[in-house]
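Enquirer: Using the sequences and the hints given, assemble the complete structure.
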Amino acid sequence: MAAISGVVIPYVDGGEPMGQFSMITQEQVGFYNDNGFITVEDVLPMSEVEELRRVTDEFVELSRSVTEHTDRFDLEPGHTPERPMLRRLKEPQKHHEVYARMLRNDRILDVVEALLGPNIRSIGAKLNMKSPEGGSQVEWHTDWAFYPHTNDDIVEVGIPLDDMELENGALMGLAGSHRGPALSHHENGVFVGAVSRDGFDIEDATPFLLKAGGISLHHVRLLHGSAPNLSTRPRRLLLQGYMAADAFPLSGIPDWEAWNERMVRGEPTNEPRLEKVPVIFPEPKPARVGSIYEIQRQMGESHYEGGVEKYAE
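Take the sequence shown: its letter number 286 is residue 286 in our numbering, and every next letter is one higher.
It is possible that part of the hints are untrue.
Pairs of lysine-lysine, DSBU-like flavour, derived with a Cα cap of 35 Å [to be verified]: (1) 90 with 211; (2) 90 with 276; (3) 285 with 94; (4) 211 with 94; (5) 285 with 90.
If you anchor each label on the Cβ, the simulated ranges turn out as follows [stated by the list, open to error]: (6) 61 with 184: 39 to 47 Å; (7) 95 with 268: 24 to 32 Å; (8) 273 with 27: 20 to 28 Å; (9) 34 with 290: 32 to 40 Å.
It is worth saying that the hints were derived from the structure and are not from the lab.
Here a beta-carbon is modelled for each residue, glycine too, at the ideal position from N, C-alpha and C.
Expert: So, in structure tokens, the structure goes:
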């Protein structure tokens with residue numbers, strides 16, 4: 001079944017050829033266009049989820065051997081060899097075939113095609129992990145603030161390896177925020193990767209509550225974030241980004257051949273589609289750069305200071 005904001009709609013595969021996305025209804029597409037997000041249940045069989053869990057556990061074990069961030073591992077502040085707390089596996093598709101296959105999973109791409117059209121390019125992937133009893137929050141931001149393009153037909157797919165609930169730091173989004181103006185992610189004139197806590201009310205947000213095997217999809221301009229994990233359960237979320245093939249980064253394309261190797265469905269183009277979309281460029285950069293966690297640590301005030309428990313009830 002496919003769950004959309006309380007409305008349950010069947011996810012129908014029925015042996016249709018891959019590339020046919022009749023299982024995504026116009027109601028679902030309309031909900032995404034209006035609200036900026038959608039959740040779809042039972043997209044992946046549990047055998048594939050279990051495979052992702054197994055491989056992820058292997059990388060957590062490997063992280064015991066490091067004590068600081070690497071080009072592969074981003075670590076929680078409390079990480080030790082005795083208690084490994086891996087916060088992010090960077091570009092997992094480059095480190096294991098299981099993640100590489102998931103980036104091109106046809107059932108996921110069928111859903112993405114219904115939203116973006118037939119020509120799809122991958123942005124890449126990351127695996128964000130919230131360890132039990134202390135996994136870090138992600139401050140509220142839009143993905144658009146980090147990588148504006150010539151148009152905003154860009155979507156982030158979330159694949160929970162664990163049931164995603166309020167208690168373990170579910171992803172949350174502010175419905176309709178993707179249709180508003182560009183939001184500043186700057187403090188004192190410097191890019192810090194998050195909006196001011198005074199610019200919105202977290203209590204207006206919708207949590208993406210999902211069982212493992214389902215997926216979430218959110219628009220590149222949707223304001224979203226997630227609280228720390230205060231539960232005794234992990235919350236591991238594989239995030240895979242996709243864009244329409246005619247969405248070109250405003251920062252430029254350093255390697256044309258590598259750019260086109262990111263096509264996961266359909267055909268590439270050398271004609272960018274230019275839309276009237278609001279942009280605030282992510283410059284100048286802060287003194288310390290790195291993952292989103294490191295950039296956001298340079299904020300003056302967290303969205304969750306003094307109120308973490310409230311959002312994990």
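Enquirer: Does the structure break any of the earlier hints, and which numbers would those be?
Expert: none
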